[in-house]
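Trainee: Spelled out, the chains give:
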Amino acid sequence: MGLLSDPVRRRAIARFILRLNTPLCVLSYVAGIAWFLALVFPPLTQRTYMSENAMGSTMVEEQFVGGDRARNFARDFAAHRRKSGSLPVAWLERSMRSVGLEVYTQSFYRKLPFPDETHERYMVSGTNVYGILRAPRAASTESLVLTVPCGPDSTNSQAVGLLLALAAHFRGQIYWAKDIIFLVTEHDLLGTEAWLEAYHDINVTGIQSSPLQGRAGAIQAAVALELSSDVVTSLDVTVEGLNGQLPNLDLLNLFQTFCQKGGLLCTLQGKASGRPHGPHGLFLRYRVEALTLRGINSFRQYKYDLVAVGKALEGMFRKLNHLLERLHQSFFFYLLPALSRFVSIGLYMPAAGFLLLVLGLKALELWMQLHEAGGNPEEAGKAPGPGSPPLAPQGVGLASLMAPLLISQAMGLALYVLPVLGQHIAAQHFPVAEAEAVVLTLLAIYVAGLALPHNTHRVVSSQVPDRGWMALKLVALIYLALQLGCIALTNFSLGFLLAATMVPAAALTKPHGPRPLYAALLVVTSPAVTLLGSLFLWRELQEVPLSLAEGWQLFLTALAQGVLEHYTYGALLFPILALGLYPCWLLFWNVLFWK
Amino acid sequence: MAAAMSLAVLLLLLVGPGCWGHAEHPRDSLREELVITPLPSGDVAATFQFRTRWDSDLQREGDTDHYFLRYAVLPREVVCTENLTPWKKLLPCSSKAGLSVLLKADRLFHTSYHSQAVHIRPICRNAQCTSISWELRQTLSVVFDAFITGQGKKDWSLFRMFSRTLTEACPLASQSLVYVDITGFSQDNGTLEVSPAPSSTYQDVILGTWKTYAVYDLFDTAMINNSRSLNIQLKWKRPPDTEALPVPFLHAQRYVSGYGLQKGELSTLLYNSHPYRAFPVLLLDAVPWYLRLYVHTLTITSKGKENKPSYIHYQPAQDRQQPHLLEMLIQLPANSVTKVSIQFERALLKWTEYTPDPNHGFYVSPSVLSALVPSVVAAKPVDWEGSPLFNTLFPVSDGSSYFVRLYTEPLLVNLPTPDFSMPYNVICLTCTVVAVCYGSFYNLLTRTFHIEEPKSGGLAKRLANLIRRARGVPPL
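Protein chains in written order, with this note's numbering: chain A, 1 to 595; chain B, 1 to 476.
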């Protein structure tokens, strides 16, 4: 630190940073993007390996042969479901009891904050059915969960059939050391959430449910299963859970080893939205390692029947049954370029670090310029003389910054609170449904925020015009860097995406120069437009390009889903955007229109 | 019941007086019996009881000194043959003759429930209790599962259960009996058939209900002699109805609620399913010190209303020395569920205090419930010595209720655990580096710098100036 406390060298470094600031920023940004792109290449990706000792080998002889039984169960289930129109609770109870499980049901009720138009539900009531296989001679202290979600759109009857057939097979074995819970939930994720909250006897999302009658100790791991055909061409595994939480890498390794053993084709998907990509995502909050297996039936020639899937599941459960401790040996933070390769946190974080460094450099530059402007304005840009007064940060005018800061934060709060609170008023006064009202209010407030600078500058008065926006931008840069850093740490994909889009615009914004260009850049990189853009990109990658109108509709539903997921499952994307990133972005907008 | 209930090797040292008057009985007497209970689910439960009684010079002095009473519990023990072998060696006939022939490890550990116990207690030899004898009672209960051991068949025989049959009584035993519970099956047209025909039947009030047992006496020569072996068979004429399983009047459940590694809640649900009788329950909880209980959060609710316990004894924990001890007498209203919950905070252990498998979690011992459960049928006071062993371990003088002691399931609680592997070192190192950097950066940011002009040069300069002055040249 002697380097920095020596005034001469300090000045030299300051001069270096000031002079080379722009090239350094560009270099850092390019390095960040390049690093990220390089993550797919072998030196940065490692082969996955099993860290957990208890699951070391796949020396398990799978004996599951209940393919016909599973199909029969699935046919019966589908028939009963068609007949009753909802989950055939009585039939499920009867069949679970007939295979020798301890059966319980749980009913739940949830009134959504506003009608969910994608799933066509508002007041949801349903029943979960679960059966517990008690491990012989054990004291019910630990358990594993196999869950099948039954939604209104996905019938998942083959998965229910396989679950029952597996339960029948597992029931006849004596090697179980952990109880196994076979759970069939209604209204897919809502049911899972209701069951999990009741199991842990808490209420975080305001769901009403009947208390559980039977429990089986601490849940060690969970597997969710989604199958909707008798044969599958591949098994797709989804790992990302609520708010980008990931299960321990060993669970994925376990799945992959059994795929290889059984010769199954296994694939992987992942996204950055912070919403759970399967019912397993909700388990992660309770520190239950979980993943979702989804059977894909495409046009490939080689197909596998339920026995192959059942054998893979049997193998996984037998290995999980061996666990002495919770899965903890392997990585909790990783990226998966492929199922057999991963990038650990130490290797991918530099990419985000480089991007955030741009913000840091810009902030440093502003800080120094502010000091020089404060110390001796006439010498701005030059190095201050040796006899110049101490560079104290007084007079930057923090008080004058309070107004824009508070106003943009208040705007964010309004964005967070008003849409859901005011949906009824909006629905009364305008010819829109509640769900639309929420989304449109959301957009209205968002856009209204753009008009702010014209109002804030009236409150702000500063003697030195430049110093005002510099100070504001300095605060905004640090605020943005902190937020993006936190997001990148917990949900790297989201953090990196936001950083890659927001950083250049944030770094460039200033009230001089080509203002319309900056304004356009800022708008294009604002969180909402990023979402819209990524929707188009996503459909483009899926080779289903969108027309503009379709894209707009999809955008509106995505917004509604985001808000709903916050209220129903506790997804944090909406509050982060509304309370954190949006106010921060408004600050930059303020800087741009500084007078 | 198919439910594998809590399993623990109970070493129950009952020091309480077992004072019921009876005459002198032979020394070193052994009584053994096996009770077979077919359960409505199709499973079958078998309970062995062996009682050895002997006189010794070791005498009890006066009343029990409560100062010396200790309660200890090992929350988890995986029972295996290593537990069975020494237990069998305590039997006079070992496993050579009598009922103990059936104690074959590979069958006993192929069951869904296994409970093994040793009880030692002093017994008064006369009404005044001037001299005592000691009683060693060994019990072993197993539940054979129709799905696992029976391969789905619900017909049972001794051979099917234990892969052995009874051939002779233990010559050292004074009594060797096999009881088969035929309550309810004998009355309604015989849904269950027991063969061979029993030598007698026995009727009594057991656990509050009227029970009928078929009794086989191994000392009855006719029983063994016919075929040189006794293989008792149970055949269902009509498959049992598995839908509605009977529920006991008192049962309990315990779990940890909440998530995260900071706080949590211990909840115990006490079910009283008696339709019209309320009864008190004594709840004993010993919670390890590393769960810091908040006693003010103790709530007891039944039927939505607060239920004030009539007696509470709480002994707070001392870190690393003694656990919390919480004892309460709670009145359970009829047909209700009572929830007893108390919040706790998870303590941080010292790093050497973690077990070798810290991520497994830490066990919390089961709650113990002791209750006098009201009977359906009033029992007549009976001669304890004459009644079967399975009825006499917890004698109750009052005929209108019976004593039950229940153990809930043990709990597994995760404590905040550092990652004891390489990343742990990395975190330590990183924290150190960050701390050092933070310190110097803070120093740098808060300090104001003044530039001090060098007053005079080094020694060389001073020397040079001295010479210059001598020469009359202006100094440097």
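Don't take each hint at face value.
To give an idea of the chain A side of the interface with chain B (calculated C-beta under 7 Å), a few residues [as the list claims (entries may be wrong)]:
#1 Asp116
#2 Glu120
#3 Thr205
#4 Gly533
#5 Ser534
#6 Leu535
#7 Gly562
Derived Cβ-Cβ restraints for the label pairs, each shown as a range [said to hold, decoys possible]:
#8 A:Ala338 x B:Pro356: 48 to 58 Å
#9 A:Ile174 x B:Thr430: 44 to 54 Å
#10 A:Gln542 x B:Ala347: 44 to 54 Å
Quick caveat, the hints were computed from the structure, so don't treat them as lab data.
Built from N, CA and C at the ideal position, the CB exists for glycine as well.
Trainee: Each hint needs a verdict: does it hold in this structure or not?
Mentor: To see whether the hints hold, each was checked on the structure:
1. Asp116: Since the shortest Cβ distance to chain B is 26 Å, the answer is violated.
2. Glu120: Glu120 of chain A check fails; min Cβ-Cβ to chain B is 31 Å, beyond 7 Å.
3. Thr205: violated, 13 Å
4. Gly533: violated, 36 Å
5. Ser534: Since chain B brings no Cβ nearer than about 31 Å to Ser534 of chain A, farther than 7 Å, the hint is violated.
6. Leu535: violated, 33 Å
7. Gly562: violated, 24 Å
8. A:Ala338 x B:Pro356: 48 to 58 Å: violated, 35 Å
9. A:Ile174 x B:Thr430: 44 to 54 Å: Given about 47 Å between the Cβ atoms, the range holds.
10. A:Gln542 x B:Ala347: 44 to 54 Å: Given about 51 Å between the Cβ atoms, the range holds.
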